[in-house]
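A.B. asks: Work out the full structure, taking the sequences as your base and the hints as a guide.
So the number in this note's numbering is just where the residue sits in the sequence shown, counting from 1, plus 255.
Read the hints as simulated data drawn from the structure, not as lab findings.
Where a beta carbon is used, it is the ideal one built from N, C-alpha and C, also for glycine.
A few of these clues could be false.
Below, in silico cross-link-like pairs of lysine to aspartate or glutamate (EDC-like), each with a Cα-Cα straight-line distance of 16 Å or less [stated by the list, open to error]: (1) Lys489 - Glu471; (2) Lys519 - Asp464; (3) Lys362 - Glu306; (4) Lys362 - Glu324; (5) Lys356 - Glu308.
Beta-carbon label-pair distances, calculated as ranges [claimed, not checked]: (6) Asp436 - Gln512: 37 to 43 Å; (7) Ala316 - Ser398: 26 to 32 Å; (8) Ala316 - Gly463: 23 to 29 Å; (9) Ser444 - Thr387: 26 to 32 Å; (10) Ala371 - Ile474: 39 to 45 Å.
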Amino acid sequence: MGCLGKQIVPGGKSAALDPHPGIHDDRETSGNDSAKPGGTNLAVAPAICKELEKPCTATPAATFCELPEITGTVLVPGNRPYAFGANECEARKGVLEQVCKRGIDIKSASAIKCKAGGSGGKCPVTPRMCITVYDPRFCVATSYAGQAIPADTRLAGWGANECVAREELANIACAQNLNPDLVQGVSCSRQAEFRGDCPPLQPACDPGDNTAHDCEVGISAPGGSKISAQGASKCLARFNLDFQICLAGQSPAAMAQRVSCRQK
256 MGCLGKQIVP
266 GGKSAALDPH
276 PGIHDDRETS
286 GNDSAKPGGT
296 NLAVAPAICK
306 ELEKPCTATP
316 AATFCELPEI
326 TGTVLVPGNR
336 PYAFGANECE
346 ARKGVLEQVC
356 KRGIDIKSAS
366 AIKCKAGGSG
376 GKCPVTPRMC
386 ITVYDPRFCV
396 ATSYAGQAIP
406 ADTRLAGWGA
416 NECVAREELA
426 NIACAQNLNP
436 DLVQGVSCSR
446 QAEFRGDCPP
456 LQPACDPGDN
466 TAHDCEVGIS
476 APGGSKISAQ
486 GASKCLARFN
496 LDFQICLAGQ
506 SPAAMAQRVS
516 CRQK
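C.D. replies: Below is the structure:
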C-alpha cells in the first residue's frame, strides 16, 4: 500500500500521509541502480546483502517482488517491502536493497517472493503536484479492470486532501501489483478529523497463529449492516475490521470497546 511525507499522529496535521512508514520503496529498479547498495555498509549488513554486488543477467520479463514476513511477523498486503523490475533479478534486488538499508534481518533470499509484474509499467506512480490545503479525505475504489472488488478487500487511500488521497490510492494499487490506471469506481469522502488511526498500522501478528476469527463492531455501516471482518487469526481479523471501520469514516480507537471476536 509511494511514501507521501509525514505520518499523521493523533492531534497532528500534515499535508501528506504515509500509512506504511519506513517499509516500502516505490522506485522501479533499473539495471544500474538496483545493483548498488544505496549507501548500505555491506561490512555490517546481514550477509545476504552481499547478493547486491552480483550483476543481473536474467532475460527481460517484468516482475514484481515483495517480502511477506519480517522476523516472524506477517505483513498485510500493501504493507510489505516491494519492488518492480525488468526481470526477477532486478525486482528481487530492489526489495533486498530496502531490506539492507533498513537493517531488516532475513536469513535467506527465498523469503522474497516474486511473480509476473501486473502494473503494466504504470508503477511507480508519477507524483502529483498536490497543493497543501488541509481538507482530509479518504478515497475508495469499488472495482478493478471492470470487476467488482469485495467490500473487505477494497483499495483505499487517505490523505490531507483529495489529491493526496487519490495519489495514495494509486500507490496502494502498485503495492499490490495492480495497474493504477485500471482502478475504477473511485469515490472520495471528507473526514471530520484526520485521525492517526486511519489507515490502521501494521499489526505484529504471529505467523504461527492459524485460528481463523470473525470480528464485528456494534455500529451500523452505510446501508444498515454491522461492520464485520474475517482473518486467518484474531490479530488479522482485528486489523481487517479496523480497516472496515476506517472505510466507514469512523475511528477504530473510538470503537475498540465495542468490538467482539469469535473463533471460526
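A.B. asks: Hints first: check each against the structure and report whether it holds.
C.D. replies: Results of checking the hints against the structure:
1. At most 16 Å may separate the alpha-carbon atoms for a hinted pair to count; Lys489 and Glu471 meet this at roughly 11 Å.
2. Taken as a hint, the Lys519 and Asp464 pair is honoured in the structure, with Cα atoms around 13 Å apart against an allowance of 16 Å.
3. Of the supplied pair hints, the one linking Lys362 and Glu306 holds, its CA atoms being roughly 12 Å apart against a limit of 16 Å.
4. Restraint check for Lys362 and Glu324: the C-alpha separation of about 12 Å stays at or below 16 Å, so the hint holds.
5. A distance of roughly 14 Å separates the Cα atoms of Lys356 and Glu308; the hinted pair therefore holds under the 16 Å criterion.
6. The supplied range of 37 to 43 Å is met by Asp436 and Gln512, whose beta-carbon atoms lie about 42 Å from each other.
7. At about 28 Å, the beta-carbon gap between Ala316 and Ser398 stays in the expected band of 26 to 32 Å.
8. Restraint check, Ala316 to Gly463: a C-beta distance of roughly 34 Å breaks the suggested window 23 to 29 Å.
9. In this structure, Ser444 and Thr387 break the distance hint of 26 to 32 Å, their C-beta atoms being roughly 20 Å apart.
10. The hinted window of 39 to 45 Å between Ala371 and Ile474 holds, with their beta carbons roughly 41 Å apart.
Checked against the numbered hints given earlier, this structure breaks hints 8, 9; the rest are met.
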